[in-house]
Amino acid sequence: MNSYQLEILLIAAVVAVACALPGVFLILRRMAMMSDAISHTVLLGIVIGFFLVGDLGSPLLIFGAAVTGLLTVVLVEVLNRTRLVKEDAAIGLVFPALFSLAVILISRFAGDVHLDVDAVLLGELAFAPFDRLVIGGVDIGPRALYIMGGILALNMLFITLFYKELKLATFDAELAATLGFAPAAIHYGLMSIVSITAVGAFDAVGSILVVALMVAPPVTAYLLTDSLPRMIGLSVGIGVAGAAGGYWLATVLDASIAGSMATVLGLLFGITFLFAPERGLVSLARRRSRQRYSFAQKALTIHLLNHQGLPEQAEECHMDHLQEHLRWDAPFAEQVVRLSERAGYVQSQSGELRLTENGRMLAAEAMVGT
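Going by the numbering used here, the final residue of the sequence shown carries number 1031, and the count climbs one at a time with no gaps.
Across the chosen pairs, the derived CB separations fall in these ranges:
| no. | residue 1 | residue 2 | range |
| --- | --- | --- | --- |
| 1 | E976 | S950 | 28 to 34 Å |
| 2 | K828 | L928 | 26 to 32 Å |
| 3 | L754 | M1028 | 53 to 59 Å |
| 4 | V746 | A693 | 14 to 20 Å |
| 5 | D716 | V739 | 31 to 37 Å |
| 6 | V746 | A991 | 52 to 58 Å |
| 7 | L754 | L840 | 29 to 35 Å |
| 8 | Y665 | L818 | 27 to 33 Å |
Think of the hints as simulated: they come from the structure by calculation, not from any bench.
All C-beta atoms in this analysis are idealised placements derived from N, C-alpha and C, irrespective of residue type, glycine included.
When you get a sec, could you build the whole thing from the sequences and use the hints?
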């Protein structure tokens, strides 16, 4: 691996970690759509900042983008508080309005400037190493690496200093307010960090990958654990893995680096969505199947107990009668009986079912529970 490739990977990894950290709290607050909105509407702040100073490298652009991100949050909450529209509808109103205004301004007044919509949306990591940071005539590396490194340090500092407040406000905003933690200030602080992170990553990776890195790693981590510290660690690891895997895929396919990274992140989420140990679709299907058969075994033992010792016991407790009385089809009834025999709840003699001591205990516990 040459120095150019290493710089691309470093930039991608730093962007991934910087986006994943605040992304965890966005996901836990169920505000994933807000990251999409902010990552697009900050373009308006960049455009206005450029019109004021005429310099794409000015820090005013980051400030303007952060202000626009906060404006997005404020406008969404103002609309939501009217109770006339829901939060997702409010985002759907504010996001297109601000973003389209930015696009109009670019198309009308900045057509000859490297501030086009394609660059903002798609980005191109392959060009990031060419924009160098030179201090005192010494080239110290890609500008994007230092910008995102600074933003990453800011994100880490914010989360470290306000971890307790963020955790409390995220899971119980009312309790946080009662304890005097000012959840509104924490909320706007988090949104400011999201805005700064989004605009910092714009030039290198584009808006689409910013959204992918803020949403996919935290959502994937959420499917794997309930522990917040572990979720943050997993989110960071998944983000870096997606960035590295995406770069490798782009190299093999000779395709867009940002698009390949977003694709790998989507694949990681899809695999986790299917096979996560507790929340994956396969695990949920198995759990539902086990619960279904567990309930059926209890129903069988209760049925046998209710007819035990009665004149109709021979008929009611026969294998063939289960289909009529419990409305089970034959394959399902046979499977339930087989599992119950294996567990030691019933015994079968010529098709007639009899409860064991363990079966009576299970039936008694089930009836007490109901």
